[in-house]
Amino acid sequence: MATVQESELKVIVFQLKNEEYALPVQFVRSIEKVQHITRVPRTAHYVKGVINLRGVVTPIIDLRERFGFSSVPYSEQTRIIIVALQDIEVGLIVDAASDVLDVPASSIEPPPETIEAVEADYIHGVAKVGKRLLILLNLEKVLGTERRSS
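Quick note on full-length UniProt numbering: the sequence shown kicks off at 1 and runs consecutively.
Honestly, the hints are just simulated from the structure, not real lab data. Wrong hints could be hidden among the right ones.
Derived EDC-like pairs (lysine to aspartate or glutamate); straight-line CA-CA distance at most 16 Å [as the list claims (entries may be wrong)]: (1) 17 to 65; (2) 131 to 109; (3) 17 to 32; (4) 131 to 102; (5) 141 to 89; (6) 128 to 19; (7) 128 to 99; (8) 10 to 20; (9) 128 to 102; (10) 141 to 8; (11) 10 to 102; (12) 131 to 32; (13) 131 to 20; (14) 141 to 65; (15) 10 to 65; (16) 33 to 102; (17) 131 to 99; (18) 128 to 140; (19) 128 to 32.
Full structure from sequences and hints, please.
So, in structure tokens, the structure goes:
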């Protein structure tokens, strides 16, 4: 097999619509409380705008809307996960951020084939950790940094 995997993957676990998702911790810069977001005209519906985070203007994406889920009002638990991929830094709005976990590489499986093609694009795999199922996101696809030819 050509893929090289660590024996364990450290992830940040967060919630969206009563499901647990995870991102590799190496992409996560910080986790912030929701703050004032300045709207930017003519952006995709899931781009909520930008924030000034410690002097850096950072675009903000609502993951619920990015995945086609219904939006809900922000709460005390709502968080913005600041992620960095290549030279892009973006904030992802999630319902809550809960844990940092070590996921054994052997517990990660590819996305189930029954998932619709659009949703499967965003999913790197599914990890079984105890009784929990974590949906591992493909950050390149979520951020749209990987261009598809149509």
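Numbers of the earlier hints that this structure fails to satisfy, in rising order
3, 10, 12, 15, 16, 18, 19
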